[in-house]
Amino acid sequence: MNIIELKNITYKYSVGTPFEAVAVDNVTLTVEKGEFCGIIGHTGSGKSTLIQHLNGLVKPTLGEVYIDGQNIWSKDTDIREIRFKAGLVFQYSEHQLFEESVYKDIAYGPKNMGLSEEETDKRVHYAAQSMGIGDELLERSPFDLSGGQKRRVALAGVIAMEPEILILDEPAAGLDPIGRESVLSRISDYHKKNGTTILLVSHSMEDIVKYAEKVLVMNKGKVFCHAPTDEVFARQDEIVGIGLDVPQITKVTMKLKEKGIDLGSDIYTVERAKERILQYKAKGSIC
Amino acid sequence: MSDIIKAENVIFEYPVLDDEGKEIARNRVLDDVSLSIPEGQFLAVLGHNGSGKSTLAKHFNGILLPESGKVTVDGIDTADEKRIYDIRQTVGMVFQNPDNQIVATIVEEDVAFALENLGVPPDEIRKRVDEALKTVDMYEYREHSPHQLSGGQKQRVAIAGIIAMRPRCIVLDEPTAMLDPKGRKEIMKTVKYLNREHGITAVLITHYMEEAAQADRVVVIDKGKILLDDVPKKIFSQVELLKSVGLDVPQTVELMYGLRKSGLDVPIDLLSEDECADYLFEMLSAGENGK
Amino acid sequence: MLKDITIGQFFPGNSLIHRLDSRFKIIMDIAYVVMLFLTSNYIGLAAAGLFMILIYVMSGVGLGLVFKSLRPIMPLIAITCILNLFFIKGDGEPLVNLWGFITIYTEGITTSVFMAVRIMFLIIGMSLLTYTTSPIALTDAIERLLSPLKKLHFPVHELAMMMTIALRFIPTLIEETDKIMAAQKARGANLDTGGLIKKAKALIPVLIPLFVSAFKRANELALAMECRCYRGGEGRTRMKQLHSGAKDYIALLIMALMIAELVLLNIYVPYLGIPYITP
Chain A
1 MNIIELKNIT YKYSVGTPFE AVAVDNVTLT VEKGEFCGII GHTGSGKSTL
51 IQHLNGLVKP TLGEVYIDGQ NIWSKDTDIR EIRFKAGLVF QYSEHQLFEE
101 SVYKDIAYGP KNMGLSEEET DKRVHYAAQS MGIGDELLER SPFDLSGGQK
151 RRVALAGVIA MEPEILILDE PAAGLDPIGR ESVLSRISDY HKKNGTTILL
201 VSHSMEDIVK YAEKVLVMNK GKVFCHAPTD EVFARQDEIV GIGLDVPQIT
251 KVTMKLKEKG IDLGSDIYTV ERAKERILQY KAKGSIC
Chain B
288 MSDIIKAENV IFEYPVLDDE GKEIARNRVL DDVSLSIPEG QFLAVLGHNG
338 SGKSTLAKHF NGILLPESGK VTVDGIDTAD EKRIYDIRQT VGMVFQNPDN
388 QIVATIVEED VAFALENLGV PPDEIRKRVD EALKTVDMYE YREHSPHQLS
438 GGQKQRVAIA GIIAMRPRCI VLDEPTAMLD PKGRKEIMKT VKYLNREHGI
488 TAVLITHYME EAAQADRVVV IDKGKILLDD VPKKIFSQVE LLKSVGLDVP
538 QTVELMYGLR KSGLDVPIDL LSEDECADYL FEMLSAGENG K
Chain C
579 MLKDITIGQF FPGNSLIHRL DSRFKIIMDI AYVVMLFLTS NYIGLAAAGL
629 FMILIYVMSG VGLGLVFKSL RPIMPLIAIT CILNLFFIKG DGEPLVNLWG
679 FITIYTEGIT TSVFMAVRIM FLIIGMSLLT YTTSPIALTD AIERLLSPLK
729 KLHFPVHELA MMMTIALRFI PTLIEETDKI MAAQKARGAN LDTGGLIKKA
779 KALIPVLIPL FVSAFKRANE LALAMECRCY RGGEGRTRMK QLHSGAKDYI
829 ALLIMALMIA ELVLLNIYVP YLGIPYITP
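Chains as they are written, first to last, in the working numbering: chain A, 1 to 287; chain B, 288 to 578; chain C, 579 to 857.
One or more of the hints may lead you astray.
[Claimed, not checked] Straight-line Cα separation of at most 16 Å, EDC-like style, residue types lysine to aspartate or glutamate; simulated pairs: (1) B:Lys357 x B:Asp386; (2) C:Lys757 x A:Glu164; (3) A:Lys257 x B:Glu569; (4) C:Lys757 x A:Asp169; (5) B:Lys345 x C:Glu671; (6) C:Lys794 x A:Asp266; (7) A:Lys259 x B:Asp552; (8) A:Lys281 x B:Glu427; (9) B:Lys293 x B:Asp364; (10) B:Lys309 x B:Asp319; (11) A:Lys281 x B:Glu569; (12) A:Lys214 x A:Asp144; (13) A:Lys255 x B:Asp561; (14) B:Lys469 x A:Asp245; (15) A:Lys259 x B:Glu560; (16) B:Lys472 x A:Asp245; (17) A:Lys85 x A:Asp68; (18) A:Lys259 x B:Glu427; (19) A:Lys33 x A:Glu238; (20) A:Lys251 x B:Asp503; (21) A:Lys255 x B:Glu562; (22) A:Lys255 x B:Glu427.
No lab work stands behind these hints: they were computed from the structure.
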């Protein structure tokens with residue numbers, strides 16, 4: 001079943017001024033329920049604008065957006081309902097924290113949904129736990145926490161709304177390797193446990209290949225491709241061609257291929273590269 | 288060569304206060320750190336968040352003073368208040384968030400800021416501003432407003448604002464943490480250019496191992512102590528140790544490490560993809576010939 | 579939204595108006611305001627308007643933008659019009675008389691039109707100063723015009739520095755406000771509907787993060803300024819020196835002639851008999 005359906009979405013900004021420009025250009029896209037989709041593209045490729053269409057923060061200039069089969073801009077849709085269904089976490093999300101305690105901040109979303117005390121309490125605890133926020137932190141001020149903890153509190157604040165789709169704009173930006181891992185692996189675990197559809201925007205190819213099942217590549221406001229990770233990275237030459245990075249290990253195998261040793265064009269993890277090298281060494285080829 | 292920065296047994300701590308403001312403990316951020324940075328070196332200080340690396344950087348131009356121990360810049364003690372402007376002119380500092388270090392509304396005006404503070408004559412300011420902007424490749428944007436620029440461009444303006452003072456050393460405190468891959472590349476290119484072509488000592492504070500790998504020397508900091516201090520190749524060969532303190536190694540190193548674990552006798556310290564591909568090519572084509 | 583406000587924006591250019599010394603421009607801007615308030619008849623107002631349009635044409639700033647800049651002050655103009663329309667009593671019979679106490683006289687209509695046009699000319703004319711002068715030149719000029727006050731220990735340099743930093747961070751903070759609003763809307767915040775108190779309450783989740791971030795920025799900026807040897811105005815030099823030349827004095831002379839002309843018009847052109855009320 002398709003949880004997200006975009007039909008010919010175009011978004012122009014500053015219409016009617018000399019600065020008019022197209023951010024999203026006739027995008028048609030479907031995302032299946034339960035998919036973990038990585039989104040990559042340059043700064044300015046339209047990916048940030050695209051994801052803001054999914055919860056109605058941005059209204060397309062042309063085209064239709066369906067979330068869970070519902071046209072979000074039809075007259076009888078309450079846009080706030082859509083925002084609870086498609087939870088969006090912005091880049092540097094810790095900047096949205098404002099309450100006096102971690103607990104209250106995480107409860108802000110559920111409260112806006114009009115949930116009961118009891119249900120809110122249950123959700124706050126579950127969301128905090130999913131993001132590795134221990135009970136001892138719940139009564140602390142969010143401003144006293146470390147950078148990585150703040151980030152996870154902000155994520156928990158959206159997760160507590162229990163959205164069917166979780167859209168994350170660079171949730172690990174600026175964090176060190178431990179911080180990255182502790183955010184991304186928790187998102188991945190949450191996805192596995194609850195089957196939530198996840199859209200993850202990232203500049204780090206290493207992170208995308210590690211967690212995403214499918215990858216959406218945006219280029220100049222258009223969908224360059226949207227396919228399983230294997231298929232997308234098999235087109236590594238084209239990806240490099242539009243100026244995007246590939247994992248370092250892929251660069252190594254691409255260089256080897258130029259030199260005449262073909263280990264296959266589907267290598268984007270160290271593990272797979274190692275297997276292929278051992279195989280090649282034993283048999284003189286990968287076949 | 289002489290040392291431009293020298294830290295001797297630096298200890299820095301701050302008090303932990305309880306709710307009533309009473310001191311209940313002291314948190315030691317730097318624990319007996321000694322480090323000498325020779326003039327002209329490109330040094331990377333690698334460590335995870337909270338390791339003390341930024342605190343150390345702030346000792347290099349007298350923003351922070353050590354609790355005990357001593358830091359000297361070109362022989363001047365950073366605790367010498369009378370010479371603080373000499374110190375800050377010798378060691379320039381660039382910070383993480385480019386937005387929060389640009390003062391003026393026009394690029395060239397911002398680059399001129401430090402020189403105006405120092406009372407340099409107007410004609411000389413103009414000359415040095417143009418020079419600094421050309422060095423970081425931002426000359427054509429000199430009349431732009433900072434908010435029209437990308438993150439990488441803003442950070443290069445910030446660097447120009449520092450090098451206009453003609454410092455002998457530039458300390459960059461996680462200058463790429465908030466940038467996209469393109470911006471990160473621009474900054475690394477600029478830093479290397481300043482170091483190689485202008486002989487400016489560069490101290491890069493970072494948690495990105497791929498950036499540290501490009502330096503002449505890497506110092507790994509953990510829990511306020513220097514854990515490792517060596518050339519990048521030696522540092523990144525210590526895969527287990529680095530991972531135990533929450534740092535990454537390049538994928539090439541990880542691959543070679545994995546191959547070695549599988550019983551192949553291969554070197555680990557191949558940091559760039561070129562080096563790694565060359566080695567693998569030799570190894571695999573030799574294997575073919577052997578058949 | 580927030581981005582549409584053009585008052586206070588700067589449109590770079592290289593026209594004669596752009597190149598005038600900013601100190602002279604400030605003085606002439608003040609003179610223009612005085613001139614508008616001296617005018618008490620339509621002929622004078624028309625002359626001032628023509629003068630303004632002429633300068634706009636010379637500056638190359640599009641007039642379309644000008645009308646956009648008027649939008650935020652439309653309510654003020656409307657209030658002024660209504661007040662004058664209903665409260666000005668004329669000599670003759672009222673044009674409209676509703677239940678005996680709501681009356682409109684011819685004089686009311688002429689005065690409210692006069693006032694509306696005057697306020698519009700005021701805003702449009704004053705905006706030209708910021709449209710054609712870079713914020714930095716503007717603060718520079720203010721610093722220099724006020725510099726005699728330094729002797730009285732008035733913190734002139736600090737004031738100018740504060741203005742520069744404020745101008746530098748306005749776009750950053752506007753962008754940040756938009757982002758935080760979007761983030762809270764994504765958590766179901768209702769920022770658009772409800773009464774005044776409800777709306778104010780709904781803004782707390784926007785204002786607190788904004789303040790937290792502004793203080794953090796201030797802290798970091800202060801540190802970066804210290805690293806660049808900032809130590810107040812003492813001994814500071816400037817890269818760009820303000821130079822006044824013949825063109826500036828000629829412009830000032832033209833302005834003086836305009837004022838003289840309007841004063842003469844006031845004296846010799848029959849008085850149009852327009853009392854007025856300002857809000």
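Original post:
Taking each numbered hint in turn, which are not upheld by the structure, reported in ascending numerical order?
Top reply: Of the numbered hints given earlier, those the structure breaks are 1, 2, 5, 6, 7, 8, 10, 12, 18, 19, 20, 22, listed in rising order.
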